[in-house]
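J.: Could you build the full structure based on these sequences and the hints that come with them?
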Amino acid sequence: MTQEKNIKIDTRHLNLYFHEEKILKDINLEITSNQILGIIGPAGSGKTTFLRSLNRMNELEPGWRVEGQILLDEIDIYNSELDVISLRKRVGIVFALPVALPMSIYENVVYGVRLSGIKDKARLDEIVEKSLSAAFLWDEVKDRLNLSGLRLSGGQQQRLCLARVLAMEPDVILLDEPCSGLDPISTTWIEDALTELKKNYTIILVTNNTMQAARVADKTAFFLMGELVEVGLTRQIFTTPVKKETNDYITGRFG
Amino acid sequence: MRISPKYTQIVAITILGAATVFTVAILIFIIIFVLEKGLPILSFNFLFTNPTDMGRSGGILPILIGTVLLPVLAIIVAAPLGIGTSVYLVEFTHESRITRLIRFGTDCLAGVPSIIFGLFGFIFFVTILGMGWSIMSGGLSLAFMILPTIIRTSEEAIRSVPKAYREVSFSLGASRWQTVRKVVLPNALPGVVTGVVLGVGRSIEETAVVIFTAGSSLLIPTSLFDSTRTMAVHFYILAREGLSMDNAYGTAASLIIAVLIVNLSAYWMMHRFIARRN
Amino acid sequence: MKIFGEKGVERLLSVVAFSAISALALIALFIFIEGLPFLFRYGVKDFLFSSDWRPESGKFGIYPMISASFWVMLGAMLVGAPLGIAGAIFLAEFTPKTVMHIVKPAIELLAAVPSVIYGFIGVVVLAPIIREIFGGPGLSVLAGAIILGIMILPTVISISIDSILAVPVSFREGSLALGATVWQTVHMLTIKAAKSGIVASIILGMGRAIGETMAVIMVTGNSVMIPNSPLDSARTLTANIALEMSYATGMHREALFATGVVLFIVIIILNSIASVAIRKKVIVK
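Protein chains in written order, with the working numbering: chain D, 2 to 256; chain U, 16 to 293; chain F, -10 to 274.
FYI, nobody ran anything at the bench for these hints, they're computed from the structure. Each hint should be verified, as a subset may be incorrect.
Said to hold, decoys possible - Heads up, simulated SDA-like pairs for lysine to any residue below, C-alpha to C-alpha not over 25 Å straight-line: (1) U:Lys178 with D:Ser87; (2) U:Lys178 with F:Met214; (3) U:Lys178 with D:Glu62; (4) D:Lys120 with U:Met146; (5) F:Lys86 with U:Ser190; (6) F:Lys(-4) with D:Asp77; (7) F:Lys(-4) with U:Ser190.
Everything numeric in this text was worked out from a predicted model, so none of it was measured.
T.: Here it is in structure tokens:
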């Protein structure tokens, strides 16, 4: 592991079981800081499960078992003094379906930071403006921050979800098919925001839309049947993939 | 000759429909019957003056007070226990032998006849704990009785809060209890309140438990350890001992009106809750 | 909740969660403490199967009350079960959703009517009618059965509707697609699929009927004797407890608690059967 690679997350021989069914098989993946890693693969390939294992969201349901290691800044997130709550504050996630909590836009954004104990109104105001701006939503909602988050359109809600994660100033942002239900214009907003955000964050983007990975990801990983088939620079994966399965998937032979 | 399925269907629907109409008709009959005889007796005076001559004449003021105090005390005790139980069942544990045991216990408690609650309250609160026939004994016994109602209704309400809200809250670094407090309970609140209101209704309707544990004093209570009488008990005594038909009907009308108000507001809240959910 | 902390809250709730089951245990404990010693001293067989109830002479045979409770309950089921199931089928299968959402709560409101009011209606409306048509005292097993039959309707209807609605739509569509009428589908398919839920509703109704006290006291006449006809006056287990508790002392009071023990056991058995039946429905679903 050379110094210049600057590894943020490193998974080593990661196996994941759900009720004894092996969902992820021996995943070894190094994720570089300040880049966007795109993860592609057909439905059921384990890409969402992999993403959710990075901030331990899987374990909200009983029946999951983990083998191997996931290192975040060289600290094992499953077996160390790092507790799950601090982990989730450092590794934020945006889900496939935009879910605004049934409270005001303002309260949605500050939900996480309030839990961390920040109460100062001026500080919260500042966080709200900064996060909403970074998610390209500020201009649309700045005059109605007390409106219920549920009243926003789907695309706006998804940007609200992004802002909510940004407010916590995490190290890593996970995105689980964040544009799957959105219109093309909202998708563009999100993609632009991500490109801007990678300067400060490490981003992992699971997507069903291979073209999206091609557009925004620095590196791309291809998952199939719970295995990591191939990972490399996005351009290389899309032009000269090493594995036949990767080529088949990208050219649309299955999936 | 074979009777055509279509014809059979018409006959079947007619019979089934008649059964339904009959059932609803009974409800309407009961309400109208009681109100028709009782409403003329009801007046501000009747509600807010003291009874005289064992309730043969005068009003029902102390009874009104008893009818408010007992359910309130029952709710103060049962609501935290019931809501706590349902929060634990839905949020803090997964289905297991223990949750099944708790549910089974709740179902059994719901099926226990009120006379048993009365016997228990009489021996435990009135006699062993020495509370005597009192608002305290009555309220606590009623609390035991309405616990299952509150647990079931609030469990359903808490369960109906979308899973995605919890997931979002956890993903933002909230603990379980923070998630419950900030997201789950505020959203389940109308449903939870419905359960509490239904508990109030059950307490107002109850007679056997109250006679055995709160007694039937006609005086205005001055402490929680005074005996008291609720409208249901008062009506029972007046009607059974034939003391005064007029006052019995007046009490019955106030009782039915109280029960209708409480239950209809519970339905109304539940309805709005469900409408908002969708 | 800084006072408790996360772990503290969880521990507190895990204790609170046992409140209902503890309440049940506490009730059982004290009823049993008061009633069981007497039951064994007096003899279970004599207590349950002797017809001699004369507390003043130390005779405590509750067979007449058991018999009265049984006949009143059975009568209530004959009135309430068919009516309730018919209502449930009609509402679940043959009425538009909007109508059902009005009628179902209205029927559940029947459960909210205080039992003393049912009893009173039984006395002033039903008993005179029975006297008029069949003769006899009016206040009788029949009057009790009819009033209780009405009182259990909400239980039967509401649980039956839930279990009928839980039958997968695909079942019905399959049958309708084969050209069956809605009624044929209902009585050949839906009722069978919802059977365990309907059975559970009837068993819970039985529990309610056996446990009901105030209405029964008012309408069944309360004579301590084994009823020979539906028109006879009779005294149920619950009525016996409620009527005599206020003045009973010593052995007499213990005998009433022992009656409570019998009642408690019967109810727990009925509820256990119902809860198994309801769970079976969930598995089928």
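J.: What are the numbers of the hints the structure violates, in ascending order?
T.: 2, 4, 5
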